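Chains as they are written, first to last, in the numbering used here: chain A, 6 to 353; chain B, 340 to 584.
To be clear, the hints were calculated from the coordinates, so they are not data collected in a lab. Given the structure is predicted, the values throughout are model-derived calculations rather than measurements. Positions of the beta carbon are idealized from the N, C-alpha and C atoms, including for glycine. Be a bit skeptical, because a hint or two may be false.
Just the calculated beta-carbon pair ranges, DEER-fashion [what the hints assert, rightly or not]: (1) A/Asp195 - B/Ala362: 16 to 26 Å; (2) A/Ala300 - B/Ala562: 55 to 65 Å; (3) A/Val206 - B/Ala362: 38 to 48 Å; (4) B/Pro536 - A/Gly268: 25 to 35 Å; (5) B/Gly519 - A/Ile317: 42 to 52 Å.
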Amino acid sequence: MAALIEVLDGGLATTVQDAGRPSHRRFGVALSGALDPALFACANALVGNAPKAAALELRLAGPRLRVAGGRVRVALAGAAKGEVMCAVSRRLTIAPWQSVTLEEGDELKIGAVRGGVAYLAFSGGIATPPLLGSRATHLRAGMGGLAGRALAPCDRLPVGAAEVQGPERRQAAFLHESGPIRLLPGPQDDNFVPEALRALVEEEFIVSRDADRMGLRLQGPRLEHDPRFGDEIVSDGVAPGAIQVPPDGQPILLLPDCQTVGGYPKIATAIRADLPRLAHLLPGERLRFAFATRAEAVAALRAQQARLAAWIDGIAPHVPAGAIDEEALYSANLISGTLYDGAEGDES
Amino acid sequence: MPKLLPLGDAAWTVEFGEAVDPALHARVMGFAQALERAALPGVIEWVPTFRSCTVHFDPLSPLADGLGERLLEIAAGAPAAAVLGRRWRIPVLFGGEAGPDLAELAARCGTSAEAIVARMTAAVFRVYMLGFMPGFPYMGGLPEELAMPRLATPRKQVPARSLAVTGTLCAIYPFASPGGWRLLGRTPLALFDVRRPAPALFAPGDEAMWQAIDATECARLEAEEAAGRLDRAAFLVAPEAPWPR
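All chains should be modelled from the sequences, with the hints used to inform the complete structure.
Written out as structure tokens, the structure reads:
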């Protein structure tokens, strides 16, 4: 059954996102899509969706939503939590990494999003009309998602049809690797003096306030262009992860809503496996870079995909605290004679 | 010789040169056409630019290893494209409110607005690439004598569909946006229309000439376009045909 979600409060920058809009970059259309594809996949898996179903990307402060029709299972992935004011006078806490089923009339409020980005998935996926094969929102172009913008009060979000049945599901938190963001030099590392490449990996950078889905402006050591080549190039292709250096020497780390071409030399590019971590960097946070080899980059991506697949395989049925699970009651009584309400999440 | 530049672990940029030049761009487009024919597994998309072509691929594809060398082979063997794209004759309302910088450009060039419009409608413009925003064409072909730097202070809001020039480049803003290029006119055609299966009017390699229209005709075409009744094909020129003058 399909559900309908009404937006009571959009939160600070809540957008519909999916795996992005590839194959249109030659027409100037940005890739877009979830900033953290790993957490996005986790949220979808918890509600039983296909990996690329559209979900809500939450940043800073989450939204307040009401189920205006139907029944829907939701799950949060990331450092956020919320609560449900149920239509039938219940109050539930929503923790990340576990699903919960909402009935018509239930209100859901997600609080602060720590760590930069979290995802809220709905069983059946968000069913706003796709544009060029994707539901991802690109705010700058006003494209995709819900009218090309962040959620606002009175918006109505259609959700795809899905059977909501069986026990809730949960898993342990999916944690990203730590350590420096790994880079491959290029495409224009030759346009910089050798000290710039050294400073890039030896010194620390701070995320400035100028940070959105297009990119993060960083503050740190000035990365000097080689005066023989100047500080601009005839525009060429860019990609998320690329580190552009404008004439002021302060790097800009590009994210999925970045333009498709650019005229600043790119000293290095973050490897694919480390892109999900970039969205968690908040203004004022420090970061370090390290160079990697192409083989290390591919191995890191393969390992990340394997870890994500294992995480999804490990999703287990779960009976939430306070809920009455007749099956558990029955089996517990038969075995031990004591009542057990499954509050501790016994998975047996 | 084309150069292979790494853009992270999921893209290669094949660079043919460093200039804005039609012959160089014909080689870029020849490479893009050869890439299309090669249909390499694991390749997701490619983005031609003035002087290079960026190839985005899946780094976990079995063929990702060695893809760079394969791209260089294709680049070395690909002839410059003979036909780069389609030819367009695009209506433009020049001057007045639609082109607030036309008079100033004419004054700086020591000529009349009419003479500038005559130069603009006699030149053939080449779409080198699309970028900056969906459907934004970076076009070359502006006569040298009309070349001017950007405005010292960019406009906070350039109206959608404004025809703009800077240096020897020309463009049309698909959407309202801040911008520092000089505005000479406005086209009634949508540059990026999501109601259409192929939203972008232009593709890299296309060529265009401008046809001056008056305000009445512009308003009529704008109304047709807003209603979704405008047939883009009506503005195409047969690729074999000489440019109509």
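> Between B/Pro536 and A/Gly268, does the C-beta distance stay in 25 to 35 Å?
Replying inline: For A/Gly268 against B/Pro536, whose Cβ atoms are near 31 Å apart, the range 25 to 35 Å holds.
> Falls inside 42 to 52 Å, the C-beta gap from B/Gly519 to A/Ile317?
Replying inline: holds, 48 Å
>> Just to be sure I understand the hint, the distance between the Cβ atoms of A/Ala300 and B/Ala562 should be within 55 to 65 Å; is that true here?
In response: Given range 55 to 65 Å: holds, Cβ gap about 59 Å.
>> Looking only at beta-carbon atoms, does the pair A/Val206, B/Ala362 fall within the given range of 38 to 48 Å?
In response: Because 39 Å falls inside the window, the suggested range holds.
> Would you say the C-beta atoms of A/Asp195 and B/Ala362 sit inside 16 to 26 Å of each other?
Replying inline: holds, 24 Å
Violated hints for the displayed structure: none, as all numbered hints are satisfied.
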